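*Asks:* Spelled out, the chains give:
2 protein chains.
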Amino acid sequence: MKLDFPRYTERFGAVNLSSVQRVYELDSGKSEEYHKTHQTVRKICDEELAETFGKLAIIIPIKSEKLKLLEGVLSGIPHDCLVIIVSNSPRQPVDRFKIECDTLNQFVHFVDRDAIIVQQKDPGLAEAFQELAYKSILEGNRVRDGKAEGMVIGMLIAKMMGKEYVGFIDADNYIPGAVNEYARIFAAGILMSHSPYSMVRISWIYKPKVSQDGFYFAKWGRISEFTNKYLNALISHYTGFGTEIIKTGNAGEHAMSMKLAELLTYSSGFSIEPYELVNIIEEFGGVFPSNYPEIINEGVDILQIETRNPHFHEDKGEQHLKEMLRDSLFCIFSSKLCTQSIKQQILKDLKAGGILTGRKQPHQLNLIQPFKEVNIAEFARIVKERCSTLGMYGSNLSRQMETVTL
Amino acid sequence: MKLDFPRYTERFGAVNLSSVQRVYELDSGKSEEYHKTHQTVRKICDEELAETFGKLAIIIPIKSEKLKLLEGVLSGIPHDCLVIIVSNSPRQPVDRFKIECDTLNQFVHFVDRDAIIVQQKDPGLAEAFQELAYKSILEGNRVRDGKAEGMVIGMLIAKMMGKEYVGFIDADNYIPGAVNEYARIFAAGILMSHSPYSMVRISWIYKPKVSQDGFYFAKWGRISEFTNKYLNALISHYTGFGTEIIKTGNAGEHAMSMKLAELLTYSSGFSIEPYELVNIIEEFGGVFPSNYPEIINEGVDILQIETRNPHFHEDKGEQHLKEMLRDSLFCIFSSKLCTQSIKQQILKDLKAGGILTGRKQPHQLNLIQPFKEVNIAEFARIVKERCSTLGMYGSNLSRQMETVTL
Numbered sequence: 034m035k036l037d038f039p040r041y042t043e044r045f046g047a048v049n050l051s052s053v054q055r056v057y058e059l060d061s062g063k064s065e066e067y068h069k070t071h072q073t074v075r076k077i078c079d080e081e082l083a084e085t086f087g088k089l090a091i092i093i094p095i096k097s098e099k100l101k102l103l104e105g106v107l108s109g110i111p112h113d114c115l116v117i118i119v120s121n122s123p124r125q126p127v128d129r130f131k132i133e134c135d136t137l138n139q140f141v142h143f144v145d146r147d148a149i150i151v152q153q154k155d156p157g158l159a160e161a162f163q164e165l166a167y168k169s170i171l172e173g174n175r176v177r178d179g180k181a182e183g184m185v186i187g188m189l190i191a192k193m194m195g196k197e198y199v200g201f202i203d204a205d206n207y208i209p210g211a212v213n214e215y216a217r218i219f220a221a222g223i224l225m226s227h228s229p230y231s232m233v234r235i236s237w238i239y240k241p242k243v244s245q246d247g248f249y250f251a252k253w254g255r256i257s258e259f260t261n262k263y264l265n266a267l268i269s270h271y272t273g274f275g276t277e278i279i280k281t282g283n284a285g286e287h288a289m290s291m292k293l294a295e296l297l298t299y300s301s302g303f304s305i306e307p308y309e310l311v312n313i314i315e316e317f318g319g320v321f322p323s324n325y326p327e328i329i330n331e332g333v334d335i336l337q338i339e340t341r342n343p344h345f346h347e348d349k350g351e352q353h354l355k356e357m358l359r360d361s362l363f364c365i366f367s368s369k370l371c372t373q374s375i376k377q378q379i380l381k382d383l384k385a386g387g388i389l390t391g392r393k394q395p396h397q398l399n400l401i402q403p404f405k406e407v408n409i410a411e412f413a414r415i416v417k418e419r420c421s422t423l424g425m426y427g428s429n430l431s432r433q434m435e436t437v438t439l
Numbered sequence: 034m035k036l037d038f039p040r041y042t043e044r045f046g047a048v049n050l051s052s053v054q055r056v057y058e059l060d061s062g063k064s065e066e067y068h069k070t071h072q073t074v075r076k077i078c079d080e081e082l083a084e085t086f087g088k089l090a091i092i093i094p095i096k097s098e099k100l101k102l103l104e105g106v107l108s109g110i111p112h113d114c115l116v117i118i119v120s121n122s123p124r125q126p127v128d129r130f131k132i133e134c135d136t137l138n139q140f141v142h143f144v145d146r147d148a149i150i151v152q153q154k155d156p157g158l159a160e161a162f163q164e165l166a167y168k169s170i171l172e173g174n175r176v177r178d179g180k181a182e183g184m185v186i187g188m189l190i191a192k193m194m195g196k197e198y199v200g201f202i203d204a205d206n207y208i209p210g211a212v213n214e215y216a217r218i219f220a221a222g223i224l225m226s227h228s229p230y231s232m233v234r235i236s237w238i239y240k241p242k243v244s245q246d247g248f249y250f251a252k253w254g255r256i257s258e259f260t261n262k263y264l265n266a267l268i269s270h271y272t273g274f275g276t277e278i279i280k281t282g283n284a285g286e287h288a289m290s291m292k293l294a295e296l297l298t299y300s301s302g303f304s305i306e307p308y309e310l311v312n313i314i315e316e317f318g319g320v321f322p323s324n325y326p327e328i329i330n331e332g333v334d335i336l337q338i339e340t341r342n343p344h345f346h347e348d349k350g351e352q353h354l355k356e357m358l359r360d361s362l363f364c365i366f367s368s369k370l371c372t373q374s375i376k377q378q379i380l381k382d383l384k385a386g387g388i389l390t391g392r393k394q395p396h397q398l399n400l401i402q403p404f405k406e407v408n409i410a411e412f413a414r415i416v417k418e419r420c421s422t423l424g425m426y427g428s429n430l431s432r433q434m435e436t437v438t439l
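Top to bottom, those sequences are chains A and B. When you read off a place in the first sequence, starting at 1, and then add 33, the result is the number in the numbering used here. When you read off a place in the second sequence, starting at 1, and then add 33, the result is the number in the numbering used here.
Just so you know, these hints were derived from the structure itself, not from any lab. There could be a bad hint or two in this list.
Intra- or inter-copy, both count: the list cannot distinguish identical chains.
Stated by the list, open to error - With a cut-off of at most 20 Å between alpha-carbon atoms, the simulated EDC-like pairs for lysine to aspartate or glutamate come out as follows: (1) Lys292 to Glu331; (2) Lys355 to Asp178; (3) Lys349 to Asp205; (4) Lys99 to Glu197; (5) Lys88 to Glu277; (6) Lys99 to Asp246; (7) Lys63 to Glu197; (8) Lys101 to Asp37; (9) Lys240 to Glu347; (10) Lys101 to Asp348; (11) Lys393 to Glu160; (12) Lys240 to Asp205; (13) Lys96 to Asp205; (14) Lys252 to Glu104; (15) Lys292 to Glu406; (16) Lys101 to Glu339; (17) Lys101 to Asp246; (18) Lys240 to Asp348; (19) Lys96 to Glu351; (20) Lys63 to Asp79; (21) Lys96 to Glu315.
Just so we're clear, the structure is a prediction, and the values are computed from it rather than from any experiment.
Bound-form chain A, shown alone (with noise of 0.2 Å):
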């Protein structure tokens, strides 16, 4: 892969918020030449590539997406990731979670791959995080519903499995291609970046719009457009300068490495991925004291790359987009940096857009606690015995499971 050095950053306290990278090549090859001299082009070769997939886990949520597209995903993700599915399919009144278990199981027949399922309200589940007192993300006596905490599910499990860094890649992806240059992406990102607390997240190059004349090939998203303007604005605000540096709010394709993913707060449901800046910028912005202010001598570093591949996934329709609108806009609304005169802004948008009506104010965010302190040991011994729908599949995985576990 080769892609450009980031060409700016904006330095916001212990923040380093990059430009957008961009990608060149897919796959830059195996010739030396190209290191020799200086270059604002890095070039990553396969190598340093397949190292990283080894310390990456890809977490997949799941809720009812078409199986057709799941096996594609799987298809496109490099073998050396480890695969995490976290499905919060119904299992009435057919079990669509048994039929995911089944794709997932026939796949890794054929490519003998590592990977791992689990669902999302499994008592099992539940009662880990009951007895390991990591109550916020339960709801009742079960796992809440919601993408953010099939999320942290994922990345306690790629905790457990040993794993240095996390990578979230949505299900309903149509392109396999797409999919494996995020995870190219992903160890990029990972490898440039000068800080064990990084970020990386992905822009898309398009969002092609289908319509009866054939593609349109916009260049964002309608709900980016509102969730970057207003992360750019918080960022400016506190700065005194205006940027466009933030263009990747709600990136759902996005990697972490795992120092810092613990000891992030995450935000419920489709708000997770813009309030993962929100709460990095309060934490380590400077603006407040930090919790952890060992991390302020070491930086986190923010970086965007944009992806080569356009973005073509299933069209969740007008309801979603509006549900995911509001959720961004109410985590940048709540966060305890926004400002009044921004706050005005939010609401007016919000009305604008008939999802705030009358005197209604933003709802409070159901926040999730940073998973640092969770005992990953015990976590894994209650998992493995409890958890009737976890699956582990992959010989190299069953043979691991057998000598390490319990």
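Given the structure of chain A, go ahead and fit chain B onto it with the hints provided.
*Replies:* Frame of chain A; chain B shown alone:
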């Protein structure tokens, strides 16, 4: 990359036509485990692919395709492949060819890869063919218009650059990741072939159709259905067993060993892809005596490999489809293998499709003779001296040119 071994092979004289092979993983990782046991799935590691890319030229025939698509296609082609663009884009009123050169030059500036571009109507090319008595590619004092003619020029340039394999990728592809997969499939097929005379044809998993309701993932293109039906009918007639082996009659994306490519006769225009199969069966199928008895011993391997990526490309409209159907069926009709009964069926389909009217008969094919006998050193000398449109980009290629050429 991980893909099936061919599960079934139809043997027709010296021609080995394998059933469609399925790709399981785009990137099969560096872990070694897999090779230890007996497998029906072949793992092809990065090193094997990279080595093959070094011997492979990717030829891109282009005629006024959108430059953003060309740039995307370039970004998907593995760095170690030699890119050869043969352009038949107009030079007036806007010099489209020059814009293509500029695009290529800018791209190469950032990635420093080997790339060659030439204009199909360059008088220097025509002079070379005149002097080397390779006149079947000419019409008057220029190279004839047509995709096949561009492809043959590309193959001659690949041969003069010492490449052992050529692959073809159309310039109208929306998905750089799919392009990357094509190149990986070409290399995988080459590595899996047992004969030095090999061809790899791409079968698309889906050809999505766009409507206002979104996508429908059709399994087959509209033309392929007819082309494949009649190619299979030809084979079935001679073997006496019904077959559906051919699924890639119109595969624009395909690759060949130079040893095979230089022996084939090519048909002008859009019939080039199906005619390659017709010509191989005529030459090596054993029904007629072969011009190349030495090859009968080695055999000709034709692999068909199904992508994981769907085929999203520019919709060229109904007229283009009709021309493709006409040319595809004409070239089967014209084969000396074609029986009266198959000819009757083809005429019926052409009339039903409104392509042939009244008592009209299919026109004569324009055939381009094998280029094996073209004196390649002389070709290189003339082309480099007289082709003013020939551009050779990349520091490696420019250096190589200085020492090796003229």
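*Asks:* Now look at each hint and say whether the structure bears it out.
*Replies:* For each hint, the structure was consulted:
Taking the closest pair of Cα atoms, Lys292 and Glu331 come within 20 Å of each other only inside a single copy of the chain (12 Å); across copies the shortest separation is 58 Å, beyond that limit. Proximity of Lys355 and Asp178 under a CA criterion of 20 Å is satisfied intra-copy only: 18 Å inside one chain copy versus 52 Å between copies. Proximity of Lys349 to Asp205 under the C-alpha cut-off of 20 Å is restricted to the intra-copy arrangement: shortest distance 10 Å within a copy versus 28 Å between copies. In the homo-oligomer, the alpha carbons of Lys99 and Glu197 never lie at most 20 Å apart, since the shortest distance is 30 Å inside one protomer and 42 Å across protomers.
In the homo-oligomer, the alpha carbons of Lys88 and Glu277 never lie at most 20 Å apart, since the shortest distance is 32 Å inside one protomer and 44 Å across protomers. Taking the shortest Cα distances, Lys99 and Asp246 sit within 20 Å of each other only across copies (17 Å), while inside one copy they are farther apart (26 Å). With identical chains, the CA atoms of Lys63 and Glu197 are at most 20 Å apart between copies only, with a shortest distance of 18 Å across copies and 26 Å within one. For the homomeric pair Lys101 and Asp37, the shortest alpha-carbon distance between copies (19 Å) is at most 20 Å, but the shortest distance inside one copy (34 Å) is not.
Taking the shortest alpha-carbon separations for Lys240 and Glu347, both the intra-copy value of 11 Å and the inter-copy value of 16 Å come in at or below 20 Å. Taking the shortest Cα distances, Lys101 and Asp348 sit within 20 Å of each other inside one copy (16 Å), while across copies they are farther apart (24 Å). For the identical chains of this complex, Lys393 and Glu160 are neighbours neither inside a copy (36 Å) nor across copies (78 Å), given an alpha-carbon limit of 20 Å. Proximity of Lys240 and Asp205 under a CA criterion of 20 Å is satisfied in both settings, with 14 Å inside one chain copy and 18 Å between copies.
Taking the shortest alpha-carbon separations for Lys96 and Asp205, only the intra-copy value of 10 Å comes in at or below 20 Å, while the best inter-copy value is 34 Å. For the identical chains of this complex, Lys252 and Glu104 are inter-copy neighbours only, at 16 Å across copies versus 27 Å inside a copy, given an alpha-carbon limit of 20 Å. When the C-alpha separation of Lys292 and Glu406 is checked against a cutoff of 20 Å, the pair qualifies only within one copy, where the shortest distance is 12 Å, while the shortest distance between copies is 64 Å. Within a single copy, Lys101 and Glu339 get their C-alpha atoms only as close as 26 Å, which misses the 20 Å cut-off; across copies the closest is 15 Å, which meets it.
Proximity of Lys101 to Asp246 under the C-alpha cut-off of 20 Å is restricted to the inter-copy arrangement: shortest distance 19 Å between copies versus 26 Å within a copy. Proximity of Lys240 and Asp348 under a CA criterion of 20 Å is satisfied in both settings, with 11 Å inside one chain copy and 18 Å between copies. For the identical chains of this complex, Lys96 and Glu351 are intra-copy neighbours only, at 18 Å inside a copy versus 39 Å across copies, given an alpha-carbon limit of 20 Å. Taking the shortest alpha-carbon separations for Lys63 and Asp79, both the intra-copy value of 8 Å and the inter-copy value of 9 Å come in at or below 20 Å.
For the homomeric pair Lys96 and Glu315, neither the shortest alpha-carbon distance inside one copy (31 Å) nor that between copies (53 Å) is at most 20 Å.
The structure is inconsistent with the numbered hints 4, 5, 11, 21, although it conforms to all the rest.
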